[in-house]
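Chemist: Numbering (our numbering), first residue to last: -17 to 201.
It should be emphasised that the hints constitute simulated quantities derived from the structure, not laboratory data. Quick caveat: nothing in here was measured; it's all calculated off a predicted structure. Be aware that a few hints might be false.
What the hints assert, rightly or not - Below, a list of computed lysine-lysine pairs in the DSSO-like style, where the Cα atoms sit at most 27 Å apart:
| hint | residue 1 | residue 2 |
| --- | --- | --- |
| 1 | K53 | K95 |
| 2 | K65 | K53 |
| 3 | K46 | K65 |
| 4 | K53 | K73 |
| 5 | K73 | K46 |
| 6 | K93 | K53 |
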Amino acid sequence: MCGRFSLTQSANALAETFQLETLPEWTPRYNVAPTQAVMAIAAAPTHSRQVRLFRWGLVPGWAKDLTIGAKLINARAETVAEKPSFRAAFKQRRCLILADGFYEWHRIDHKTKQPYYFQLSDRQPFAFAGLWERWQGDDTAVETCTILTTQANELLQPIHDRMPVILAPEEYDRWLDPTEIPDHHTLLHPYDAALMRGDRVSTLVNRATNDSPDCVNTL
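Take the sequences, apply the hints, and build the full model.
Modeler: Dropping the structure here:
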């Protein structure tokens, strides 16, 4: 699964990487956790790229309240098209969730887990494949999202059996296109391990309240 990630890049770097004209106000984040705000790109009615802030943890439109979102931070690529919680969003509301690293934990023993921080080898920002939904409450509407996961690549396999789906730039438009339902075999696959790196980091990241550059410092 993917339960924590980072987005530490400057607004200028993100705008250049993702071909964006404007960005919402964003403070660099070193330890993004479920239910917090994430920066994403969704397709606008004009088919241009629209930057949005979503709450992490998808809440289907039929949910009674927001609490289910804490359990729906990830969606398995292999079953996303059939699961009641995700299938509507998979057809019409796909998004890119912006990041520049993510964390996974390696269990050392029954008491100890060692966090690892994974990035692209060039440390550039990238996009997770995501889905989003709009949930309407009595007084307010909330837009939420989830990150798709797939089987781990060779780099992550010793640490965890799953990893988030990282899309290549040439795949962005296909994923966002609401007129096309993507085949998970062609888009939702493990990212090339040769283009990634993973490093041991401090257990500071274990607490969601810790959100400083120290979280990503390698040991």
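Chemist: Run the distance test for K53 versus K73: straight-line Cα separation, threshold 27 Å.
Modeler: holds (21 Å)
Chemist: Does K53 pair with K95 here, judged by a C-alpha cut-off of 27 Å?
Modeler: holds (21 Å)
Chemist: Is the Cα-Cα distance between K65 and K53 27 Å or less?
Modeler: Since the Cα atoms of K65 and K53 sit roughly 14 Å apart, the hinted pair holds (cutoff 27 Å).
Chemist: K46 and K65 were given as a pair; does the straight-line alpha-carbon distance stay at or below 27 Å?
Modeler: holds (18 Å)
Chemist: Within 27 Å, alpha carbon to alpha carbon, are K93 and K53?
Modeler: holds (23 Å)
Chemist: Holds or violated: K73 with K46, Cα cutoff 27 Å?
Modeler: Distance of about 22 Å is within 27 Å: holds.
In this structure, none of the earlier numbered hints is contradicted; all agree with it.
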